[in-house]
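Q: Guided by the hints, dock chain B onto chain A, whose structure is given.
In case you want the letters, here they are:
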Amino acid sequence: MTVEHGMRAWTRRHVMAAASVVALAIAAGGAPALAQDKPFAGTKLTFWGGLIFSEAANKLLVEAVEAWGEANGVETDVVMINQNEMVQKLSAAVESKTLPDAVDLSLELLLVLSRQGVFVPLDDVYEAVGKAQGGWYEAVDKASDTSAVASGRTGLPFGVTGNLLLRRTDLLGAAGFDKAPATWDELVAQSAAVTEAPVSGLGLALSNVGDGNVQVSVMQSFGGRIADDTGKTVTIKSDATRAYLTWLKNAWDKGVFPPGNATWDGAGDNQAYLSGQAAFIANTGSVGLAAKSQDPELYETTGYSPLPAGSVGTISPIMLQMRAIPAASKNQAAAKALLAHLSEPAFTSAYYASAIYGPVLQAEAKLPAFDGSDPIHAGLLDLVKNGSAPGYPDVYNAAFADAFSNFIIPKMAQRVVIDGWDFDKAMDEAQTQAQAIYDKY
Amino acid sequence: MSSSAEPQAAPRAGRWLTASRRMHLFAYALVLPAIALILGLVAYPFLYAIYVAFTDRMVGSAGNWVGFANFRYLAGTAVFSSAIWNTVVLVVVTDILKLLIGLGLALLVNQHLPGRGLFRAFLMLPWAMPAFVAFLTWRVLYQPIGGGLNLILTQTGIYPHVIDWLGKRETAMPSVILASVWRGFPFWFISILAALQSIPKDLYEAARVDGANAWQRFWMVTFPGIRQVLIVTTLLSSIWTANAFEHVWLLTQGGPSDATMVFPVLAYFGMQTQRIGEAAAVSVAMLPVLAILVIIATSMLQKDED
Chain A
1 MTVEHGMRAW TRRHVMAAAS VVALAIAAGG APALAQDKPF AGTKLTFWGG LIFSEAANKL
61 LVEAVEAWGE ANGVETDVVM INQNEMVQKL SAAVESKTLP DAVDLSLELL LVLSRQGVFV
121 PLDDVYEAVG KAQGGWYEAV DKASDTSAVA SGRTGLPFGV TGNLLLRRTD LLGAAGFDKA
181 PATWDELVAQ SAAVTEAPVS GLGLALSNVG DGNVQVSVMQ SFGGRIADDT GKTVTIKSDA
241 TRAYLTWLKN AWDKGVFPPG NATWDGAGDN QAYLSGQAAF IANTGSVGLA AKSQDPELYE
301 TTGYSPLPAG SVGTISPIML QMRAIPAASK NQAAAKALLA HLSEPAFTSA YYASAIYGPV
361 LQAEAKLPAF DGSDPIHAGL LDLVKNGSAP GYPDVYNAAF ADAFSNFIIP KMAQRVVIDG
421 WDFDKAMDEA QTQAQAIYDK Y
Chain B
1 MSSSAEPQAA PRAGRWLTAS RRMHLFAYAL VLPAIALILG LVAYPFLYAI YVAFTDRMVG
61 SAGNWVGFAN FRYLAGTAVF SSAIWNTVVL VVVTDILKLL IGLGLALLVN QHLPGRGLFR
121 AFLMLPWAMP AFVAFLTWRV LYQPIGGGLN LILTQTGIYP HVIDWLGKRE TAMPSVILAS
181 VWRGFPFWFI SILAALQSIP KDLYEAARVD GANAWQRFWM VTFPGIRQVL IVTTLLSSIW
241 TANAFEHVWL LTQGGPSDAT MVFPVLAYFG MQTQRIGEAA AVSVAMLPVL AILVIIATSM
301 LQKDED
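Line by line, the protein sequences are chains A and B.
1 is the number of the first residue of the first sequence in my numbering; add one for each residue after it.
1 is the number of the first residue of the second sequence in my numbering; add one for each residue after it.
Excised from the complex, chain A in its bound form (with noise of 0.2 angstroms):
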């Protein structure tokens, strides 16, 4: 009894020592553990996310975002925004003091915002992400540095995009074409070998939106350049600008463009080519994505190559999507965490296989969308390994995005073909212009 009684005595010390010291752990240093696990529980995020081509990759991303939200404690709003009109959403919310958290970009947009202060360096996550990659690849780690125009680097790259040649190889090779065409010349030698109607060869655009600058490029790849080494004089007026024109005047008068080319709106030439009224466009690889699921026998007869190069070369330049942070986000570290997260193998190894990137980090050429077997995320890999940095040769400033964004180069070939002026004027209105943006700078 007394054993048994003095047990039970011990028991019941015991257990209430034990729960003291449960209590006090907790009290003590517990409830900061638990807190380090979940440092965001009970904040909210707001997240605008790019919406791309591939539905599933935009699923994808929605649902990273909320996992990691629900993981934390975190509320999270996922907005998904068409790319195209980012601009007018960001600057509308950069007024209206209604910015996200986190938001995906252009890294054009986010040169010309970075200037205003609109977003916070993450020098730290960039470098804790590529650190734990491989590091980043020199183009992209070059391209996307912003500290020319900000306190750091104020995004974090999340792909690359680029523009690829795709050719109906059934045409082409009835046409006796087995090979992709190496120099614009070529190109427009081929178009005119597989145009009649309704096919039109050169299904590049010459209107006033994205698809239209591939015609900085190609002036690039003459020897053409918007400005000089310092990237404050205009040289858009030269002769090599003039080789360029040249070259699109006489392919215009061969007849080789799509009627409506010069009006196109951001699908032109993507329609053109899935309706079978092209048989050359330059796309970021979308379109064969499309191929795929809506037209396999589109797919399976489409090529793909660089660019063609110019008299002095190919100008292929990538393209990085970014993410940032705005300054005026109330929670700052959990966008950060998020970011990091998003940059994570686990995401995105399933993320590109769906989506139409190239990798930005070393680590992610070993995921298996870049295994090779899709011709796409292949031509993208070599892409971000061989193509030139954005802007190439020019110096890629915010001048530079802003005369991009402004379409100098576009509306120049518009006025050689469409309004029939001679060479030097078309060069002088350009010239004029783009001064007066990099005036501003």
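Keep in mind the hints are simulated off the structure, nothing from the lab.
Glycine included, every Cβ here is placed at the ideal spot set by N, Cα and C.
Hints may contain errors.
What the hints assert, rightly or not - Computed footprint of chain B on chain A, listed as stretches where at least three residues anywhere in the stretch have a Cβ under 8 angstroms from a Cβ of chain B: (1) 313-326; (2) 351-359; (3) 395-406.
Claimed, not checked - Pair by pair, the computed Cβ-Cβ distance ranges are: (4) B:129 <-> A:346: 42 to 50 angstroms; (5) B:130 <-> A:346: 38 to 46 angstroms; (6) A:346 <-> B:151: 48 to 56 angstroms; (7) A:344 <-> B:48: 41 to 49 angstroms; (8) A:55 <-> B:45: 32 to 40 angstroms; (9) A:420 <-> B:50: 53 to 61 angstroms; (10) A:88 <-> B:295: 32 to 40 angstroms; (11) A:186 <-> B:130: 41 to 49 angstroms; (12) B:50 <-> A:386: 46 to 54 angstroms.
As the list claims (entries may be wrong) - Subject to a maximum C-alpha distance of 20 angstroms in a straight line, what follows is the list of computed PhoX-like cross-link-like pairs (lysine-lysine): (13) A:237 <-> A:425; (14) A:249 <-> B:168; (15) B:168 <-> A:254; (16) A:336 <-> A:38; (17) A:44 <-> A:97; (18) A:44 <-> A:330.
A: Here is chain B on its own, set in the frame of chain A:
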């Protein structure tokens, strides 16, 4: 002293706040919310836009006062001159066409014809259709390959070649005008029809008795009866057409080159490049033209009332 002053002040206040003044104050109090709304929703944005037009403001920056620099820059660009000319052409030609079609149809439907109720409803369809849908449909119709207009022309043998309606400088503006007229004529039609129905039939009887022919009856009876409606309709239609964005944006985005560039699209391009000051300057540059239109229309209406 103070106790004796207070009773003296009360009667003075009482004399000032007469029944008539009380009535006026009450009336002012009633319209005060409306005035506050107009000041907040119309006057403030309007004046602020004018102010911004004189700054180099970009998205995210307050901007500095630059005087007329934005206007000088715009005046020096070929695209601004094109926008002025195109806007004037678009407004004048579409208004004339809408007037002719609206007036003609209203005169027709005002007759005692079988099924005219159905016909009236049918004519309102373009106006009832969302602009977005209407102009995208027109864009499809204008497509060079597979577009309805080219199919009709080639299949019927009227014109054997494909016409790039929106891609050629010569045909782009007429194509935009045609689509705009189609979408906008029902407003003219219904306005004129309403005015026609308010003209007393006795006037036509009297004119007939006096031996007036059809043209004289139209000129001496119908036209004076619908004159005021025509002025107001012209004013409204001109402002709407000059301010409209979707018809040009959805059809041509101002192209090819600047063949269909108009003020609202030019301002939108300014906004796309975050240069709010320049975009506001484009909008403000439209104001004198619209103000002149309003002044002319108002003075004509005033003259009629006098």
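Q: Checking against the hints above, which ones are violated?
A: Of the numbered hints given earlier, those the structure breaks are 1, 2 and 9, listed in rising order.
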